[in-house]
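Q: One letter stands for each residue in the lines below.
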Amino acid sequence: MAARAALDIPDGSYVNLGIGIPEKVAAYVPEGREVIYHTENGLLGMGPAPMEGTGDPELINAGKRRVTAVPGASFFHHADSFVMIRGGHIDLCVLGALQVAQNGDLANWSTGAPDAIPAVGGAMDLVAGVNTIYVITQHTTRTGEPKLVESCTYPLTSRGVVDRIYTDLAVIDVTDEGFQVVELSPGVEFEYVEERTAGELLPIPDALREVK
Amino acid sequence: MAARAALDIPDGSYVNLGIGIPEKVAAYVPEGREVIYHTENGLLGMGPAPMEGTGDPELINAGKRRVTAVPGASFFHHADSFVMIRGGHIDLCVLGALQVAQNGDLANWSTGAPDAIPAVGGAMDLVAGVNTIYVITQHTTRTGEPKLVESCTYPLTSRGVVDRIYTDLAVIDVTDEGFQVVELSPGVEFEYVEERTAGELLPIPDALREVK
Amino acid sequence: MIDKRVTSVAEAVADIFDGATVMVGGFGEAGSPIELIHALVDQGAADLTVVNNNTGSGEVGLAALIKAGRVSKMICSYPRTANSTVFPELYRSGRTALDLVPQGTLAERIRAGGAGIPAFYTATSVGTPLEEGKEVRTIEGRDYVLEYGLTADFALIKCLRADYHGNLVFNKTARNFAPVMATASKTTIVQTMEVVTPGELDPESIVTPGIFVDRIVTVDNPALESELVARGVSYPCRSGCRGTRWLQELPSIFPTGPM
Amino acid sequence: MIDKRVTSVAEAVADIFDGATVMVGGFGEAGSPIELIHALVDQGAADLTVVNNNTGSGEVGLAALIKAGRVSKMICSYPRTANSTVFPELYRSGRTALDLVPQGTLAERIRAGGAGIPAFYTATSVGTPLEEGKEVRTIEGRDYVLEYGLTADFALIKCLRADYHGNLVFNKTARNFAPVMATASKTTIVQTMEVVTPGELDPESIVTPGIFVDRIVTVDNPALESELVARGVSYPCRSGCRGTRWLQELPSIFPTGPM
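Protein chains in written order, with numbering that gives the first Met the number 0: chain A, 0 to 211; chain B, 0 to 211; chain C, 0 to 258; chain D, 0 to 258.
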């Protein structure tokens, strides 16, 4: 999924990668493209993790793991970092999700369980401010429940913000008509995906199919 | 006037000096006091003017004259500069005035004349944000009109902000009861000042007189 | 003469009072002023409202302060972190309240508090449970919530290098919330690795001008939170040792002396 | 490959369109991007709304653009400066409108525009004529006016040194409005004295990160506005010379070549 999402990141983009699988996208960006990674705790120009046991404990990413800084990087404080996010300067953000609704609503910060400690971090700021929002997620939960849904039952992160979803089964755009499959994973049939999706799922349009 | 005002600037203060006579205050701060000057165009730690014909045309004060930077100075952008002003971090500001009312209202940016080009600069931000506002002004206009008035007739810079006024005739505090003389210039009688003041003017209290 | 140095972390935090609001710098361990926080644990002030992005980890630093029962309310964006066990317990038992604020809104509210901006509008949290109870306003066709500036009585922050006028520079992503917290607090207390003479820091590169700083204390060899947590250390240690010689009194755990 | 360099000031400003809003850096001559402004005079875009603290001086730089009749509206705090004669004439004749904004409010409105803050409250201008027509709100007992974020189509700014990713550092008080204007404009165009390779600028000291910058053009020996004004020079010169060789074509005034 991370590798597939990486193909869609344009050369020259400023990108924020969420914690978890989205972080792995950086490793798959095709040769020849230059992408600059932002981490909301105050670094533009984030590089890969340092060798195990090295690095600076005060050079970390939003997931609080040690990272490096590439040539041309800059450090800044938190308010300035969110100027980049809230002000619409970050081109693209790749996030995880608990649920995505067919109208683009995203839930990715809380299951709403009564004993859960609520924790939101920068997720709401990112989806409110970044121009293009990609989601990477397993197509269903561990217990087989659809994560692509008609409308979210978990507390929302924001309304109508998701542009594209990369799952283990397909690449799916959020459109006015519903979930639009644009690509199926190798060996996966449309009907198989449809059964595991709770919202309106549209098959790959013929025009798109012929190009492939 | 500038010399007298300088006596009242406490050691360790962060001070913004307005354009004109207020600028001269810096030259009179008593030996042994360390005062740090702020200029709203992005410098904390402003030093005196450089020697004629030297200096950097991009190291200037709010009056657009060349200045220097003292050891420990810092440069910052305009929004950060007004964080210092609006956020209440500057201890004291010395400004010029067209009129001061006995309730502390200040008018110092426009005569309201119909053909005047209005220009406000940072005056409204300074009086809204700085903790203590001193005014330096001639006691009357060139034509002999009082500049200390019952209420301002010129457009206001802000309401109820002036703490103390240094004129060629006296040092006067703005109090709930009106203009309170705290010091008369050498050889000046209270009645002489009173005749040239339009608002309520209170003589030096006995207690204060005895201390002197 | 402007000289903001104080001689010890104990002196630096001596006047923090019960019921105070305290902003604490750091994002995870990066920029966490761990020695100032431990001095505050020793000092004893209680019923504190603490502003930090997280709630600390293990039983040192901010987590030690929470564990000691001194924090009646946390204002933060992400109280759930790996190794963050202290806060969840107190939160679930109702002894520590939580005001959850999105990270960018938290940073901007602190910046606004320092900038004399009492309130501002942002699109963050619109249409979510965190919008509840807030004024929503449509500006040019988009909905925004009204958020208020946040100020504090004290800020505790950590920097790399300071001059004794209080000008500060930071280390990499340890900068995070510290510069805005310094602007938003009545009294800003800084622990620094090194103090230099005014003029030694490049005036073009100073991140926090001295006007925002009140006290500076040198902690030239600060503890590393992640290492302490990995080794299961608590503050005070389980046999009660505390103060600046705390780590030295744990020779079996730290045979090479202080970290 | 990220390389934001363009080869000439003419190319840098080529797409500025009639009716555009253009933020122009500089406080007086400090930070004024005079060569970019002259390129804009030559380019011909008209009906511009210009945001700058002042209105230029003499008949070069911003004053030249105003004199050429290209500016239908100025948004500024202080249009009245020594040697500022061009704007007053056009203002009095009604050909250039003026939106007067207090300096700190101007800076904060630009910062808000760049930060995705559509509006904020400030005490500045409360109780004055500049409050007129604005919403006033009482927050914790004090009155504040509502001010809106300000954005632009283009920013023209000047810096000391850039890398070709667009990271910028500035010279002393020439920094002024440039960093916030860079954040608030769709297209930020920078003239720099020098371009270096990414990595050559200290990442702790970069003032404007490259994310806010779109185009960089090297002007290694920019003209000094105050000197031009003192010598009574106009742009274009009175015999019509213009472009980057403008100054060289004035040998009698500048016998030593370009300044």
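Hints were generated in silico from the structure; no laboratory data involved. Keep in mind that this is a model prediction, so the values were computed, not measured. Treat the hints with care, as some may be off.
To be verified - Quick partial rundown of chain C residues pointing at chain D, CB under 10 Å, derived from the structure:
1) T84
2) L89
3) S92
4) P117
5) R174
6) E199
7) P202
To be verified - Just a sample of chain B residues kept apart from chain D, beta carbon distances all over 12 Å, derived:
8) P9
9) E33
10) D79
11) S80
12) M83
13) D104
14) A106
15) A115
16) G120
17) E144
18) P154
19) E182
20) L183
Cβ coordinates follow ideal geometry from the N, Cα and C atoms, glycine included.
Q: Decide, hint by hint, whether the structure agrees.
A: Going through the hints against the structure:
1. T84: Status violated, d = 34 Å.
2. L89: Violated: closest Cβ of chain D sits about 30 Å from C:L89, beyond 10 Å.
3. S92: 33 Å, violated
4. P117: Cβ of C:P117 sits 4 Å from chain D, so the hint holds.
5. R174: Holds, because the Cβ-Cβ distance from C:R174 to chain D comes to roughly 8 Å (cut-off 10 Å).
6. E199: Violated, because the Cβ-Cβ distance from C:E199 to chain D comes to roughly 15 Å (cut-off 10 Å).
7. P202: 8 Å, holds
8. P9: 24 Å, holds
9. E33: Given that every Cβ of chain D is farther than 12 Å from that of B:E33, nearest at about 22 Å, it holds.
10. D79: The claim breaks: B:D79 does not keep its Cβ more than 12 Å from every Cβ of chain D (closest is about 9 Å).
11. S80: Violated, since 7 Å does not exceed 12 Å.
12. M83: The claim is violated: B:M83 sits with its nearest Cβ about 10 Å from chain D, within 12 Å.
13. D104: 8 Å, violated
14. A106: Incorrect as stated: the minimum Cβ-Cβ distance to chain D is 9 Å, not above 12 Å.
15. A115: 8 Å, violated
16. G120: For B:G120, whose nearest Cβ neighbour in chain D is about 4 Å away, the distance does not exceed 12 Å, so it is violated.
17. E144: Consistent with the label, B:E144 stays out of reach of chain D, its closest Cβ about 21 Å off (over 12 Å).
18. P154: 5 Å, violated
19. E182: Answer for B:E182: holds, closest chain D Cβ roughly 30 Å.
20. L183: 32 Å, holds
Hints 1, 2, 3, 6, 10, 11, 12, 13, 14, 15, 16 and 18 from the earlier list are contradicted by this structure; the remaining hints agree with it.
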